[in-house]
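Fit chain L to the supplied structure of chain P, relying on the hints for placement.
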Amino acid sequence: MIKGSHLILISLILILSCEKDDICIEGSDNTNRITIGFLDDKTKNPTGISLVNLKSIGNDSIIHETFSGQSIKLPLKVNSTKTQFLLDNNDLIDTLTIYHQSIHQYLNRSCGYKSNFIINSQTEITKQTGWIREISVIKDSIFNEEQTNIFIHY
Amino acid sequence: MKNKQIYLFIISICLSTNMLIGQTESNSNDTLIKKDKLLNINKLRFGFDLLKPIVSSSEGDNLNYEIVGDLQLTENIYLAGEYGSIDKLIEDENINFNSSGSFLRVGLDYNLFKNWIGMDNSIYVGFRYGNSSFSNKILNYEVRNKDSYFSNLVEDEFQTIEYSNLSGNWIEILLGIKVETFKNVYLGLSLRLNKLLSDEKPNNFGNLFIPGFNKVTDENTFGSGFNYTLTYSIPLKKRK
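Chains as they are written, first to last, in our numbering: chain P, 1 to 154; chain L, 1001 to 1240.
Looking at chain P on its own, in the form it has when it is part of the complex (with noise of 0.2 Å):
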């Protein structure tokens, strides 16, 4: 009788001790960036662009030191509802201030939140020295990183 009762304590410490850890998968859903396009003003067509020391206001380091191509994929702030990236064309610097919404989405226990993004319409270039002649938001929701959601003309 007693033997019996030992089994079944040592088989359940044994259950008890088997905690599986839950581990957040790589592939599975994340919080995603805003897609930035280069347009030329005068053409409208996309354009490739050179800057340098990308980096955000109120943040030391550089994201990127030196960027060329026609899109940039850049992380939004999910703690905020305002993200500030200056933006440097040969020594001519314009700031991006992009004012947008946080919303964060629970996945489950490993993965925890991520968060999505609704662009608000008061995004703007605040133009030091004017290299940047307008932006255009084309699409105010990041939900994914494959569109296009803010144009820069130059």
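No wet-lab data here; the hints were simulated from the structure. As the structure is a prediction and not an experimental result, all values here were calculated from the model. Treat the hints with caution; some may be incorrect.
To be verified - For lysine-lysine, the following BS3-like pairs were computed, each having C-alpha atoms within a straight-line distance of at most 25 Å:
1) K1237(L) - K1183(L)
2) K1052(L) - K1137(L)
3) K55(P) - K1146(L)
4) K1043(L) - K1183(L)
5) K1183(L) - K1201(L)
6) K55(P) - K82(P)
7) K139(P) - K114(P)
8) K82(P) - K1146(L)
9) K114(P) - K1215(L)
10) K1146(L) - K73(P)
11) K1183(L) - K1114(L)
12) K114(P) - K1183(L)
13) K114(P) - K127(P)
14) K114(P) - K1146(L)
15) K1088(L) - K1183(L)
16) K1237(L) - K1114(L)
17) K127(P) - K44(P)
18) K73(P) - K114(P)
19) K139(P) - K73(P)
20) K114(P) - K1137(L)
21) K42(P) - K82(P)
22) K1146(L) - K139(P)
23) K1237(L) - K1052(L)
24) K82(P) - K127(P)
Unchecked claim - If you only want the chain L side, here are some residues facing chain P, beta carbon under 7 Å, derived:
25) E1091
26) I1095
27) D1147
Note that CB positions come from ideal geometry on N, CA and C, so glycine has one too.
Positioned in the frame of chain P, the structure of chain L alone reads:
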């Protein structure tokens, strides 16, 4: 967490030495007379969990407690139950939150241990039905983001919400021992395997912890728990 293990260790030692002492003391009373096997309601025990108040105070939470009780129905069958209140900070992988609520479990215990006369120890198996109503308040969380240029930590006041009126119910099977350490005073330990039947989930959050049930995992509906109890037996009939 370390404290918890130290307490566990100390209580385990107390429990095992008490069991040995109990054994040697009662050897002198050895007889072959068996107890009656008819319905005998002669024991009502009340007590509390020893660990929950200690752990909660050492971790800086509000007082957590669990009151336990059982009533002997026949020689080996007991009606048993627990009521408790939990208010606990849960530090999970991505989300830190506070879970608070109360729970009630009721069920039966069946004693497997044949006592010598004069002894009253038990090794028992049992089952419970458990129910809990609780609320969770998110304190802060780390948003999953492949880009870590900005901090992804979300602290209070920014989308941290209290989710109240949550509930869960489950069944448990358990295995436990109770050792009479002094006359009418018992130390007990029980290990429990739980299966969640249903739970009321909050919108845009999950039930990662249910008071009385403990941790809820993503993959399955099983959980586990244990308690260390000190109980006092109110003698309803005089023991022979």
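Taking the hints in turn, this is what the structure says about them:
{"no.": "1", "hint": "K1237(L) - K1183(L)", "verdict": "holds, 14 Å"}
{"no.": "2", "hint": "K1052(L) - K1137(L)", "verdict": "holds, 21 Å"}
{"no.": "3", "hint": "K55(P) - K1146(L)", "verdict": "holds, 17 Å"}
{"no.": "4", "hint": "K1043(L) - K1183(L)", "verdict": "holds, 13 Å"}
{"no.": "5", "hint": "K1183(L) - K1201(L)", "verdict": "violated, 46 Å"}
{"no.": "6", "hint": "K55(P) - K82(P)", "verdict": "holds, 14 Å"}
{"no.": "7", "hint": "K139(P) - K114(P)", "verdict": "holds, 19 Å"}
{"no.": "8", "hint": "K82(P) - K1146(L)", "verdict": "holds, 19 Å"}
{"no.": "9", "hint": "K114(P) - K1215(L)", "verdict": "holds, 22 Å"}
{"no.": "10", "hint": "K1146(L) - K73(P)", "verdict": "holds, 12 Å"}
{"no.": "11", "hint": "K1183(L) - K1114(L)", "verdict": "holds, 18 Å"}
{"no.": "12", "hint": "K114(P) - K1183(L)", "verdict": "violated, 58 Å"}
{"no.": "13", "hint": "K114(P) - K127(P)", "verdict": "violated, 33 Å"}
{"no.": "14", "hint": "K114(P) - K1146(L)", "verdict": "holds, 10 Å"}
{"no.": "15", "hint": "K1088(L) - K1183(L)", "verdict": "violated, 35 Å"}
{"no.": "16", "hint": "K1237(L) - K1114(L)", "verdict": "holds, 20 Å"}
{"no.": "17", "hint": "K127(P) - K44(P)", "verdict": "holds, 20 Å"}
{"no.": "18", "hint": "K73(P) - K114(P)", "verdict": "holds, 17 Å"}
{"no.": "19", "hint": "K139(P) - K73(P)", "verdict": "holds, 14 Å"}
{"no.": "20", "hint": "K114(P) - K1137(L)", "verdict": "holds, 18 Å"}
{"no.": "21", "hint": "K42(P) - K82(P)", "verdict": "violated, 29 Å"}
{"no.": "22", "hint": "K1146(L) - K139(P)", "verdict": "holds, 22 Å"}
{"no.": "23", "hint": "K1237(L) - K1052(L)", "verdict": "violated, 32 Å"}
{"no.": "24", "hint": "K82(P) - K127(P)", "verdict": "holds, 17 Å"}
{"no.": "25", "hint": "E1091", "verdict": "violated, 13 Å"}
{"no.": "26", "hint": "I1095", "verdict": "holds, 6 Å"}
{"no.": "27", "hint": "D1147", "verdict": "holds, 4 Å"}
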